[in-house]
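Enquirer: With the hints as constraints, model all of the structure from the sequences given.
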Amino acid sequence: MNWSAFTMMWSEKYRPTKIEQFLGNEDVRINILKWLSTWTSGAKPLLLIGPPGIGKTSFVTVISKQFNYDLIELNASDSRNSNLLESIITPILNNSSLYGKRSLLFLDEIDGLSGRDDSGGVDFLVKLLKNPTIPVIMAANILNLKIKPITKIARVINFLPVSKQLRFVFLNYVLKQENHKLENDDLIKIINQSNGDIRLLLNLSQACILGYNPEMDQTFTFDIAVALSNFFSSKTISESLLFLNNSEASYVDPRFGLSPEERRKDKLYGIYTSIINSNIHELLLSDLMDLLSKVDILVGKVGSTRKWSILKYIDNILATYIFSLIKNKGITYNQYSMNWSILGPIIFRSQSLKELFTKLSYLSHTSKSTFGSFYFPYLLNILQNFDIDISEFLKTLDLDEKLKPVLEKEISKM
Amino acid sequence: MKSTKLKEDESVNSYTNLMWVEKYRPKKIEQIVNQKDIIKALNNLKKNPNEMPHMLFAGPAGVGKTTTALCLANELLGDDWRNDTLELNASDERGIKMVRERVKEFAAVIKLTGISENNNEKPFRIIILDEADEMTSEAQTALRRIIEDSSKTTRFIIICNYLSQIIEPIQSRCAVFRFKRLDKENIVEHLKTICKLEKIQFEEEAIAQIFDFTYGDLRHSINVLQTAAGMNMGHVTKDNVNSAIGLSGKSKVGEIVRLALDGKFNDSRIKLMELIHVYGMSEKDFLKYAFQETFNKKFEKFGELSEIMAEYDYRLVVGAHPEIQLVAFLAQLGKLGKDERK
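Residue numbers (the numbering used here), protein chains in the order written: chain A, 1 to 414; chain B, 415 to 756.
Hints listed in this document are in silico derivations from the structure and should not be mistaken for laboratory results.
Beta carbons are placed, not taken as given, at the ideal position from N, Cα and C, and that holds for glycine.
Certain hints may be false.
[As the list claims (entries may be wrong)] Result set (BS3-like, lysine-lysine): computed pairs, CA atoms no more than 27 angstroms apart in a straight line:
id, chain 1, residue 1, chain 2, residue 2
1, B, Lys702, A, Lys413
2, A, Lys235, A, Lys327
3, B, Lys678, A, Lys329
[Claimed, not checked] If you want the footprint, here are the derived chain A segments under chain B, 3+ residues with CB under 8 angstroms:
id, region
4, 104-111
5, 238-244
6, 262-274
7, 363-376
8, 384-394
Expert: The structure is reproduced here in structure tokens:
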């Protein structure tokens with residue numbers, strides 16, 4: 001066993017020492033910084049609520065240093081009955097500076113105040129912290145009944161668990177720094193077990209490298225961008241399948257209407273847009289597209305028959321057939337089916353012309369598709385060659401003058 | 415609503431005055447080009463409107479199906495016929511839900527005004543359902559119920575290209591009228607009449623060429639005529655007709671197929687996206703025109719091409735992502751063209 005791995009615990013080695021090193025909860029941290037930088041006497045204390053290991057304590061430590069405050073920290077390991085609290089806190093509040101520096105009072109783990117030993121602790125805090133003369137921050141894992149009274153005099157700020165994606169990125173960073181590798185399924189287990197807790201994440205992965213294998217207990221999902229990037233760069237079919245299985249995406253039928261977010265999380269479309277943008281040989285491309293088209297038929301059938309149970313086969317089909325064809329072809333994830341500099345203007349033109357198409361296809365007693373094919377190109381030409389005043393033309397249709405440059409552009413494209 | 419409509423018709427710049435295809439759209443059934451049997455039958459039906467059945471108009475594009483339906487509605491319902499006529503296009507209103515809602519809404523109004531009980535009033539309202547062969551058979555089955563439920567107050571005129579794609583139960587509920595493809599004389603004569611009225615000069619051959627390109631589609635022919643006339647100070651020449659034809663969506667589909675066969679996959683894909691998004695061409699129409707263009711322009715390997723088109727026509731219907739299906743189609747064309755390019 002390589003004991004040198006323990007020369008320093010990763011959870012200590014990678015504890016943030018600067019504001020910019022923290023992971024996740026950006027909005028929350030900005031709020032705390034704003035609160036501290038604009039703090040005036042009498043301002044409400046903060047109550048930070050959040051699960052362990054996401055950096056509450058570290059963050060308070062770091063900002064007090066960076067803002068040049070003298071940090072006075074009391075935590076659950078200190079006995080905290082009302083007498084003791086009073087004897088410690090009162091002098092601090094009265095002498096706003098001990099060493100000539102400003103002080104910041106940090107009461108950590110206040111949900112750990114025990115009913116008996118810390119008798120009267122919460123009521124005392126509420127009374128004492130009504131008009132604080134120095135900045136006060138409290139922290140707790142959960143907002144339980146016992147500390148509820150504190151919310152009356154404090155501003156509650158909720159920390160969220162660090163997301164799985166962010167933990168994944170961070171863990172990969174640490175592993176790279178440490179020059180270690182973990183198998184993908186171990187990686188997933190660790191991320192899964194750490195449950196938002198960065199400290200636990202680091203401890204678990206260090207243990208894993210030393211040979212301890214964590215158990216899998218929950219399913220873990222990657223964002224579609226992460227999942228598909230890894231799908232394409234996987235080394236084996238089973239690895240590629242793992243990323244498909246654990247992606248935060250699904251097989252959907254766009255014919256039933258999708259929101260932009262649902263569209264982004266469309267697994268089949270994501271694979272299509274990535275493949276179509278890559279530089280692969282045209283024969284391989286036609287084989288791949290044929291496969292995707294066949295898979296799409298399956299998706300279509302599921303959609304129209306509502307036999308969702310069929311969906312479970314699709315990951316396997318894609319991993320077995322598509323992956324084995326694209327392995328090592330350098331395909332990367334791409335959200336759009338073509339370069340946005342080309343697709344963007346197409347979408348823009350389509351949006352701008354929508355209302356005009358609706359009105360004119362109605363006036364022509366025909367479908368939009370027929371109008372677009374057999375009227376619109378001719379109309380553009382006629383507008384130009386018959387010297388029609390486009391503003392006047394739009395006015396007769398009750399359409400906005402804004403369409404004029406759009407139409408003129410279409411005419412110039414002819 | 416009415417005031418804007420008046421404004422449209424009065425203004426020289428309005429769409430309906432500008433486009434000859436609208437300007438010369440027949441207003442009376444009598445004016446319909448060369449569908450004599452149908453005109454005769456409809457005139458007989460008109461004498462006893464209360465006995466009018468639901469109707470099914472079948473026939474190729476641009477021969478006057480929709481126009482006949484509009485004329486009939488006008489002649490049966492009088493000047494404000496538009497208020498009592500609902501035009502639906504199955505190609506736009508995808509899904510039966512939309513059709514059901516629109517029809518229900520339309521039929522509900524009639525119950526409130528109680529038109530059917532007053533003999534002096536109009537006997538019914540008319541629903542024109544265009545491009546009904548675009549509907550799936552499930553949607554058509556649902557439509558059958560809608561026709562039955564609203565038949566006391568409403569007459570349906572269902573329009574399609576292919577009668578075979580309309581389910582039997584709907585066919586049996588309607589009087590079927592088959593519209594004939596227009597022949598060369600009809601089209602040429604009609605185009606010349608328009609030229610005379612618009613004081614346009616033309617080359618005899620140019621007019622004949624319009625027919626050759628548009629295969630008896632009068633609507634398309636008139637648009638080509640007007641575009642060609644605009645290109646050269648009111649003189650329709652063969653060259654102008656040629657360039658006008660190149661503008662149509664169908665020609666663009668031909669170009670895309672050609673690009674794909676030539677191995678220019680990305681160019682063909684970009685043009686496809688433009689055609690579908692900007693010009694609003696439906697994916698189904700894309701394949702339909704691809705078939706017509708490759709046939710009419712005598713593309714090489716027409717047998718293999720047809721096989722691929724048939725396969726993707728099917729996949730387009732059952733698949734979920736039309737874009738994936740059509741791009742896969744282009745990729746297969748590239749593969750087919752590759753043997754040729756060697």
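Enquirer: Each hint should be assessed against the structure and marked as holding or not.
Expert: Results of checking the hints against the structure:
About 25 angstroms separates the Cα atoms of B/Lys702 and A/Lys413, which keeps this hinted pair within 27 angstroms; it holds. For the hint linking A/Lys235 to A/Lys327, the alpha-carbon distance of about 7 angstroms falls within 27 angstroms, and the restraint holds. Between B/Lys678 and A/Lys329 the alpha-carbon distance is near 21 angstroms, which keeps this suggested pair within the 27 angstroms criterion. Coverage of a stretch by a chain is defined here by at least three residues with a beta carbon nearer than 8 angstroms to that chain's beta carbons; for the region 104-111 of chain A and chain B the count is 0, and the condition is violated.
Closer than 8 angstroms: that is the beta-carbon criterion, and the region 238-244 of chain A has 0 residues meeting it against chain B, so the requirement of 3 is violated. Counting residues of the region 262-274 of chain A whose CB lies closer than 8 angstroms to any CB of chain B gives 3, so the stated coverage by that chain holds, three being the minimum. Restraint check on the region 363-376 of chain A versus chain B: 14 residues with Cβ-Cβ distances below 8 angstroms, three needed, restraint holds. Coverage of the region 384-394 of chain A by chain B holds in this model, with 7 residues showing a Cβ closer than 8 angstroms to a Cβ of that chain against a need of three.
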